[in-house]
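Novice: Modelling step: build the complete structure from the supplied sequences, incorporating the hints.
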Amino acid sequence: MNLERRYSYLLRVHPPGPRRAEMLATLLECAPPERVRPTGREIFNIIGYGLRARLGRPASTAIVVLAVLASLAAGLLGAAVAARVGWHYAPALPSGAASQELGATVFPGKRVWGGGDAETFVESGDGEQTIYGFADYWVKHDDTTRDVLAYAEGARDRLAAAGWDVHGDVTHESEAGSESSIDTAGFWATRDGLVLTYTGVLWGERAPWDSDGAASFQLTRSAPPWLATVAVAGGLLTAAFGWLLVGWASRRTEDDPARAGVAATAGWTAVLLTLLSALLGGLWNIQADRPGDEVLWLGLRALTGVPGAMILGLIVVALAAVRLRAALPPIAVLTCLIAAACWHAPAVLASCAPSGPPADPAPADVAHSRVARVYITQSSTDEQRNYAQAAISRVWGTISYSFHHDPTDDEYRWAYCDGGDLTGDSGMTVPYFWEIGLSSPGVFPALADEVAHMPGVVAVRHGEEYR
Amino acid sequence: MREPTFWILTALAPEPRYGYGVIQEVTRLSDGRITLQAGTLYAALDRLAALGLVEPDREEIVDGRPRRYYRLTTDGAAALDAETKRLRASVEAASAQLAARRRFGLGTAPS
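Residue numbers (our numbering), protein chains in the order written: chain P, 1 to 467; chain F, 468 to 578.
Hints may be right or wrong, so weigh each one.
[To be verified] Simulated coverage check for chain F against chain P, where a stretch passes if three residues somewhere in it have a Cβ under 8 Å from a Cβ of chain P:
#1 479 to 492
#2 501 to 515
#3 530 to 536
[Unchecked claim] So the derived label-pair ranges between C-beta atoms look like this:
#4 F:D498 <-> P:G261: 42 to 50 Å
#5 P:P18 <-> F:L573: 51 to 59 Å
#6 F:E522 <-> P:L272: 32 to 40 Å
#7 P:L3 <-> F:L518: 31 to 39 Å
#8 F:E522 <-> P:R323: 28 to 36 Å
#9 P:D256 <-> F:D530: 36 to 44 Å
#10 F:D498 <-> P:N2: 52 to 60 Å
#11 F:M468 <-> P:L283: 37 to 45 Å
#12 P:L28 <-> F:P523: 18 to 26 Å
Honestly, the hints are just simulated from the structure, not real lab data.
Don't be surprised by glycine CBs; every beta carbon is placed ideally from N, CA and C.
Specialist: Dropping the structure here:
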């Protein structure tokens, strides 16, 4: 390639037009005869001012500020989408032998409950935050674990010996409340893409049928190392696209202040909304005893929900103001996204006439489900139901439960007919049930073990999450 | 006014010039201190044209390559004049301060 070809190639950074030929002539005249390739300074200069020239409005500083921020925002959106897709391929949490080995490291010689896989992200208990999906592991208290501080320190030492990186000291709080004392100890540790948060809790002065706490830990994933590469690649690609898009809109509306005004207003709003959503999404989720990079991934994830759809809507307005036809592709994307989020398969809602508790679901259907139901015969006594309910709440991983005995309750449709109606008076004869929220999917076997043999209980089923 | 802008206006003051002509003239006028890069030159010309300080003059084809000439507008001449006065005032202020330094016997700046 000769010098002229190399310059021509570089000059493609500039927008198409006669300026390219004009600059090529100037560059060739400036070049000493022995020069065969552009100097570093020339390359930097041509690319830098070429990118600026793409924005049009040569006397405006505001367009440069908008383009820089729009690129940043577009980069964040691209990284967010890439990360969302990437998380889909994050490794599962340990199961089987690996899960048992971990349980035995923390709680040697004890019956360990919980474990298993979980979704990558879940809503927090209060529904206000998105958190990393986790698997709960725990042991019921015995004399050794009731000394929560000593047992936590032992668990920390065993994990450290197994190659875990323990962060900070064991924290210990002892609270002698007016009715019930609480003793907690905890720490967190990381290894091989896993984050382990240990908590030992002892509640004092509990009724004999209540749980007095547990020694437990929650296991979450860290972002796999390749995910950062995927996110950065996605981000750089869309950042460049964002710059070109601002340039195209700016140059196209240079002689049309009305269109430029609408496009700029929508564009600025989209940019600010993006930056704000990512920032708040991250800040809202800052937790002291968690790895710092989680804030970044949660911030990016915040962009792919409702704010993402709003931002896309604003981009549609901005593009439509510049050129109606250009708004069609993002409108198509937006329509598909909304349709995918709102569409329900109607066939699922077929009605049925149950005669007893539903069959066990296929394990694959409930692998990530945090819903369970305990069915109890209608002929059970109040006392039997009280015992069963106490057993449900004794399980460490149950976070909520509600009892249903009225067949017109909406919950009946999901408990018996996959969301469909119960036909005739079939609902009048089937067992009552509790609908139970589990902290993590692997809690289910512990619930079944605790409740299945209680008098009156006819079935314990892992339910599918509502659609 | 940034230095490249000042020198471009200065180079265009007496007559219209094309890109390479401006670069050569700026190098000559600044005693070789300023070597404009092509990207810098054309970005500045675009900005000055948008501000109405320079405008295209004519276009020639030499050896099959386009040469577009630019000239200073009346506004451009006024802007250069105002900048020159500002620089002169600055130079005079600094000169007076240095003269005072000599009077106090604090020595002169090496020249």
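Novice: Run every hint past the structure and note whether it holds.
Specialist: Each hint tested on the structure:
Only residues whose C-beta sits within less than 8 Å of a C-beta in chain P count toward coverage, and the stretch 479 to 492 of chain F has 4 of them, enough to reach three; the restraint holds. Given a C-beta distance limit of less than 8 Å, the hint that chain P covers the stretch 501 to 515 of chain F holds, as 9 residues qualify and 3 suffice. With a cut-off of 8 Å between beta carbons, the stretch 530 to 536 of chain F has 4 residues touching chain P; three or more are needed, and the interface restraint holds. In this structure, F:D498 and P:G261 meet the distance hint of 42 to 50 Å, their C-beta atoms being roughly 47 Å apart.
Distance hint check for P:P18 and F:L573: the Cβ-Cβ separation is about 58 Å, which falls inside the suggested range of 51 to 59 Å. The beta-carbon spacing between F:E522 and P:L272, approximately 37 Å, falls within the hinted interval of 32 to 40 Å. Between P:L3 and F:L518 the CB atoms are about 33 Å apart, so this pair conforms to the stated range of 31 to 39 Å. Roughly 30 Å separates the CB atoms of F:E522 and P:R323, a value that falls within the hinted 28 to 36 Å.
Roughly 39 Å separates the CB atoms of P:D256 and F:D530, a value that falls within the hinted 36 to 44 Å. Range check, F:D498 to P:N2: Cβ separation about 33 Å, and the 52 to 60 Å hint is violated. Checking the proposed 37 to 45 Å range against F:M468 and P:L283 shows it holds: the Cβ atoms sit about 42 Å from each other. For P:L28 paired with F:P523, a C-beta distance near 21 Å keeps the hint of 18 to 26 Å intact.
Comparing the model with each numbered hint stated earlier shows that hint 10 is the single one that does not hold.
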